[in-house]
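Go ahead and model the full structure; you've got the sequences and the hints to work with.
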Amino acid sequence: MNISIHKITDLQYQLSIQNNQEKEEKITFPSSQDFDYFIKDKDGTIVYTYSADKMFAATVEEEILAPGEKLEYELDLSETLSFLEPGDYTLEAWITATEIDENKVETDFSYEG
44 MNISIHKITD
54 LQYQLSIQNN
64 QEKEEKITFP
74 SSQDFDYFIK
84 DKDGTIVYTY
94 SADKMFAATV
104 EEEILAPGEK
114 LEYELDLSET
124 LSFLEPGDYT
134 LEAWITATEI
144 DENKVETDFS
154 YEG
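Take any residue in the sequence shown, count from 1 to its spot, add 43: that is its number in our numbering.
By construction, these hints were calculated from the structure, which means they are not laboratory data.
Treat the hints with care, as some may be off.
Claimed, not checked - Once the Cα atoms are required to be at most 27 Å apart in a straight line, the calculated DSS-like pairs of lysine-lysine come out as: (1) 66 with 113; (2) 147 with 66; (3) 147 with 83; (4) 69 with 97; (5) 147 with 97; (6) 113 with 97; (7) 85 with 50; (8) 97 with 85; (9) 113 with 69; (10) 69 with 147; (11) 97 with 83; (12) 147 with 113; (13) 147 with 85; (14) 50 with 113; (15) 50 with 147; (16) 83 with 50; (17) 50 with 97.
Computed from a predicted model, the values in this text were never measured in an experiment.
What follows is the structure, given as structure tokens:
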């Protein structure tokens with residue numbers, strides 16, 4: 044599985060997971076939460092956690108990804124960033140599937156306020 048993050052606009056990013064195997068792959072989410080992310084300041088301190096103020100259904104969800112198939116999630120930071128001071132930050136995101144071990148991806152960004 045390949046996990047990546049791409050900037051769409053200054054306030055939007057796309058987190059994706061793609062099956063880069065030659066066979067179908069099953070991924071299991073232990074709840075209705077498919078992803079999570081942190082925003083860290085330049086010192087590495089976590090200043091925001093996406094899931095901290097959200098509730099997710101306690102239902103196991105499974106996805107079967109065909110070879111080359113991709114799941115994509117939009118991360119909209121517009122509301123989140125309104126609480127932050129202008130500065131340099133790191134967005135660290137991951138897929139919450141149980142089969143994915145090393146799945147954190149990150150990108151640096153600047154917020155002008």
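Hint numbers not upheld by this structure, sorted from lowest to highest:
none
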